[in-house]
Amino acid sequence: MSKDQSTAAIDDEPETRAASWASRLENAGPWLIGLATLVIWEAACRLLEVPRFVLPAPSAIWDSFWTWRGVIGMHAMQTLYTTVVGFAFAVVGGVLLGIGVGTSKALYKSLYPLLIGFNSVPKVAIVPILVIWFGIGTVPAVISAFLLSFFPIVVNVATGLATLEPELRDVLRSLGASRRDILLKVGLPRSLPYLFAALKVAITLALVGSVIAETIGSNAGIGYLMLMASGRFDVPLVFAGLFVVAIMGVAIYAMFAKLEARLTGWATRDVVYATGS
Amino acid sequence: MATVTPTDAVSSDSAFVDIDTVGLTYGRGPSRTQALNGTTIRVRKGGFAAVVGPSGCGKSSLMKLVTGLLPPTRGSVRVDGQTVNGPLKIVGMAFQNPTLLPWRTTLRNVMLPLEIVQPHRGRLRRNYDTYVEDARSLLRSVGLDGFEGRHPWELSGGMQQRASLCRALIHRPDLLMLDEPFAALDAFTREELWGVLQALWMARGFTVILVTHDLREAAYLAEEIHVMSARPGRIVATRQVPMPFPRSLEDTFKPDFVELVHELRDHISRERQA
Ligand SMILES: Nc1ncnc2c1ncn2[C@@H]1O[C@H](COP(=O)(O)OP(=O)(O)O)[C@@H](O)[C@H]1O
Ligand SMILES: [Mg+2]
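If you read the protein sequences in the order shown, they are chains A and B.
So for the first sequence, the working numbering puts the first residue at 1; every next one is plus one.
So for the second sequence, the working numbering puts the first residue at 1; every next one is plus one.
Certain hints may be false.
[Claimed, not checked] Which residues of chain B face chain A? A few of them, derived with a C-beta cut under 10 Å, are: (1) Leu69; (2) Pro71; (3) Thr73; (4) Gly75; (5) Leu88; (6) Lys89; (7) Met93; (8) Gln96; (9) Leu112; (10) Asp266.
[Said to hold, decoys possible] No more than 20 Å apart at the CA atoms, straight line, and that leaves these computed lysine to aspartate or glutamate pairs for EDC-like: (11) B:Lys89 - B:Asp134; (12) A:Lys105 - A:Glu165; (13) B:Lys89 - B:Asp174; (14) B:Lys89 - A:Glu260; (15) A:Lys185 - B:Glu115; (16) B:Lys45 - B:Asp20; (17) B:Lys45 - B:Asp174; (18) B:Lys89 - A:Glu167; (19) A:Lys185 - A:Glu165.
Hints are computed from structural coordinates only; laboratory data are not their basis.
Every residue gets a Cβ at the ideal spot worked out from N, C-alpha and C, and that includes glycine.
Given only the sequences and the hints, what does the whole structure look like? Please build it.
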């Protein structure tokens, strides 16, 4: 029998020291670069005496954040709320529509051009209309978050389903599998990595959607807070708001990346199909 | 070792697979492609037939006709006395690409057909342990014991192809359809797998149709070899391989065997020029 069996019992070799250092440096990379940027920024503002209403130094932004932390926290919760609700609708709607478009040629042909057209419309232009329909407040922000995050989910789920290997489909069909069997056993698990790739992007887009809507038609949320602050020329507070949005974006992204790694770890391995032994 | 016509080899009544002057045309109008024209092949129950021919001559299309994935444009295909007019459940298939599901372990990949084909589908939950034991012993017979819990990406190409063979056989199909299953493997692994396939065939007695472009492979494994013409494919020669089973790799270097392979090669090169 084959020789390749003998490798079965061998455990993976421990990482070499060099490799583990390299990976530690890689992990620290974003923090180091972020910190360096802040230091240079602070130094530049102090040395060049940049007025704080043009570009506040990081220390001034921090001061402003700390002073207003209660208010910022409240508005951040509102933004998070509209983002998550809009995103949840986008996931449900996007997955369903993605399944439809990815499994039916007729739906694909009739809906895809419409989807592309829809996605080409700048969503900022829609928010005023939403305000006219639903009034100022939570609803336009939720819808705007939904609109921005919907599209990538549909496209990726549909792509995952449509790129099923024809041979695999043949194997299943020759066994008498129904369309539903194929979808459940192969189509959906296979499109999970595509879905998660989309979710990571979509959740940050939903955040963008919420903040945009809040700056146009809302009386709560980080976007609203930033609009108010800039009206009072409180530039450090505007920047504090920006940082809060950025940090929220990174945090949610990281959460989904973790979830992705747990659920679809098989897809990020070096999968080698049929390349000889 | 005279060339025989297909009808001499297996009579129409006794054939398990009876591909009767089928034609297959893809598409319509000016862009249509005639893939097969007047192809006739008969395989006895428990037989092992190989189909060889130049690339693009319609071998894969022929497989789809036999498994009922495509209806023929002309002629008919009968398997076990029944005219094929939809997917056949008594078939197992394997391709050049092992198409294992990367999120499943080897064992669960092999057991996939049991979740689809009746009557196993209905019994799977109640008799799960028996089925697992079945899958394990099948994996053992192809030399994959100890790899049941591994994922496909942890297996070499040859091991993936072994698992793919097991998946094609787990529901005990009467007919095994193989479309260039070893084409992507290196020569040593390929020859090893010839032995594995031959042993499985001799032990389990299913009928095999093997598509290949490797003439030694065809001659080593098959009882009967059908040579196809360039597109549109039809059978231009059928050769019996008289060597007794089990055959060994040594046999493939014996004079009659070498002569047979040479003769087949002549047929193919004539077809490629035609
Ligand atoms: N789905 C299809 N639509 C149109 N033409 C096809 C399709 N599948 C195969 N063909 C054509 O039919 C011919 C035979 O293909 P195939 O059966 O795959 O050949 P082989 O397996 O012998 O290489 C080729 O010319 C190919 O281009
Ligand atoms: Mg082919």
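Verification of the hints:
1. Against a cut-off of 10 Å between C-beta atoms, the interface hint on leucine 69 of chain B holds, since the closest Cβ of chain A lies about 6 Å away.
2. The interface hint given for proline 71 of chain B is broken, as the beta carbon of that residue sits about 13 Å from the closest beta carbon of chain A, more than 10 Å.
3. Interface hint status for threonine 73 of chain B: violated, as the beta-carbon distance to the closest one in chain A is roughly 19 Å, over 10 Å.
4. With 10 Å as the threshold, the beta carbon of glycine 75 of chain B stays out of range of chain A, its nearest partner Cβ sitting at about 20 Å, so the hint is violated.
5. Annotation: leucine 88 of chain B was flagged as interfacial toward chain A, and the flag holds, the nearest CB pair being 7 Å apart, inside 10 Å.
6. Evaluation of the lysine 89 of chain B hint against chain A yields a held restraint, the C-beta minimum of about 5 Å falling below 10 Å.
7. Interface restraint check: methionine 93 of chain B against chain A, minimum CB-CB distance 5 Å, threshold 10 Å, status holds.
8. At its closest, the beta carbon of glutamine 96 of chain B sits 6 Å from a beta carbon of chain A; the interface hint therefore holds under the 10 Å criterion.
9. Residue-level restraint check for leucine 112 of chain B holds (minimum Cβ-Cβ distance to chain A is 7 Å; threshold 10 Å).
10. Look at aspartate 266 of chain B: its Cβ only gets to about 29 Å from chain A, farther than 10 Å, so that hint breaks.
11. Restraint check: the Cα-Cα separation between lysine 89 of chain B and aspartate 134 of chain B comes to about 19 Å, which is no more than 20 Å; the hinted pair holds.
12. For the hint linking lysine 105 of chain A to glutamate 165 of chain A, the alpha-carbon distance of about 16 Å falls within 20 Å, and the restraint holds.
13. Our distance criterion of 20 Å between C-alpha atoms is met by lysine 89 of chain B and aspartate 174 of chain B, whose separation comes to about 9 Å.
14. A C-alpha spacing of about 36 Å is found between lysine 89 of chain B and glutamate 260 of chain A, which places the hinted pair above 20 Å, so the restraint is violated.
15. A C-alpha spacing of about 9 Å is found between lysine 185 of chain A and glutamate 115 of chain B, which places the hinted pair at or below 20 Å, so the restraint holds.
16. This hinted pair checks out: lysine 45 of chain B and aspartate 20 of chain B have alpha carbons roughly 16 Å apart, not beyond 20 Å.
17. Distance check on the hinted pair: lysine 45 of chain B and aspartate 174 of chain B sit about 9 Å apart at the alpha-carbon level, within 20 Å; holds.
18. Proximity of lysine 89 of chain B to glutamate 167 of chain A is assessed by CA-CA distance (about 16 Å); at most 20 Å being required, the pair is judged to hold.
19. Restraint check for lysine 185 of chain A and glutamate 165 of chain A: the C-alpha separation of about 14 Å stays at or below 20 Å, so the hint holds.
This entry does not satisfy hints 2, 3, 4, 10 and 14, going by the numbered hints stated previously.
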